[in-house]
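Given only the sequences and the hints, what does the whole structure look like? Please build it.
Counting with full-length UniProt numbering, you get residues 1 to 278 for the letters of the sequence shown.
I should point out that these hints are in silico values taken from the structure, not numbers from a laboratory.
Bear in mind that the values here come from a model prediction, so they are computed numbers and not experimental data.
Nothing false has been slipped in among the hints.
Pairs of lysine-lysine, DSBU-like flavour, derived with a Cα cap of 30 Å:
#1 Lys-89 / Lys-133
#2 Lys-133 / Lys-219
#3 Lys-133 / Lys-94
#4 Lys-147 / Lys-133
#5 Lys-203 / Lys-133
#6 Lys-219 / Lys-159
#7 Lys-159 / Lys-145
#8 Lys-94 / Lys-219
#9 Lys-82 / Lys-94
#10 Lys-82 / Lys-145
#11 Lys-159 / Lys-147
#12 Lys-145 / Lys-94
#13 Lys-94 / Lys-147
#14 Lys-89 / Lys-145
#15 Lys-159 / Lys-133
#16 Lys-94 / Lys-174
#17 Lys-133 / Lys-82
#18 Lys-203 / Lys-174
#19 Lys-82 / Lys-159
#20 Lys-82 / Lys-219
Distance ranges between label pairs, derived from CB positions:
#21 Ser-90 / Glu-126: 23 to 29 Å
#22 Thr-136 / Ala-235: 18 to 24 Å
#23 Ala-132 / Val-85: 15 to 21 Å
#24 Thr-86 / Ala-200: 36 to 42 Å
#25 Pro-93 / Ser-215: 29 to 35 Å
#26 Ala-132 / Asn-172: 16 to 22 Å
Glycine residues also receive a C-beta, built at the ideal position from the N, C-alpha and C atoms.
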Amino acid sequence: MKIKVIIASVIIGIAFAGVVPVFAKKEKATVYKQSDLIKQQINVYTPDIYRSGDLVQSGLGIRGDVIELVVDYSGSMDRWIKLAVTTLKSILPKISPETNVGLRVFGQDTGQIFITAMFTGCQATEQIVRPAKQNTAEVIRGLNKSKIGYSTPLTYALKRTVYGDFSGISHNTKKKIVLVTDGGESCNGDPCEFIRSIAALRKDIIVDVIMVNGSNSLKCLSDATGGRYYNINNAQDFGTAMGVSFETLPENAFKNTNQNNNVQTQGIGDGYHYEYVP
1 MKIKVIIASV
11 IIGIAFAGVV
21 PVFAKKEKAT
31 VYKQSDLIKQ
41 QINVYTPDIY
51 RSGDLVQSGL
61 GIRGDVIELV
71 VDYSGSMDRW
81 IKLAVTTLKS
91 ILPKISPETN
101 VGLRVFGQDT
111 GQIFITAMFT
121 GCQATEQIVR
131 PAKQNTAEVI
141 RGLNKSKIGY
151 STPLTYALKR
161 TVYGDFSGIS
171 HNTKKKIVLV
181 TDGGESCNGD
191 PCEFIRSIAA
201 LRKDIIVDVI
211 MVNGSNSLKC
221 LSDATGGRYY
231 NINNAQDFGT
241 AMGVSFETLP
251 ENAFKNTNQN
261 NNVQTQGIGD
271 GYHYEYVP
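Below you can see the structure in the form of structure tokens.
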């Protein structure tokens, strides 16, 4: 009887020893496969890569210029977002059919409860529409479905635009960020420092800023990239600035110079409206 028990124990032990390595190998192989998949799907960006121009591209197949609208969805922007929807319905059908338009929002409501959102708000940004041609409906739909949130993670949104949204697009392709905001960073980032660092390494990205609170606090973004900076006061100003940035109006549209030698844009019929800060 004892001999039978010993033999049975040995057999079970051998079988178990054979099974364990199988499971171990299987788990290890799975980990390696996931790791390989991650390496294939994620690009790593460093200053050296940008400097050398050897960026691994994901192959979006973009042809033509790219304009990415980056919109602040923090609490005080509600009025301007509604105005952006109305304005873009008119502007986007008029842009060049060779221009690709994308949409990213930041500071938006991510659908989390308020307490959780307080801790995650500084990562609140999403590319709603990838750059594509003749996609007015998609952009408008994206603006309408995004909800007003709390924080203003501007620097993080700019990083995601450059490192994520533009990562699969050739450095030979002209790219423009049209930033619509009413204020600066609220998440301890430094948008000026980031954009200056990018501008020092590559010349294919420019930033136009449509500032709707009259401040010059983000003029560093347009200065570093050769873009345009607008201080906006009303709806007509907003529409003209968007038209120039999306290139449906000429760069010198209704330009006039006031007594302080600041370049301003004249609206139709009723004088100066917004200031373009050179």
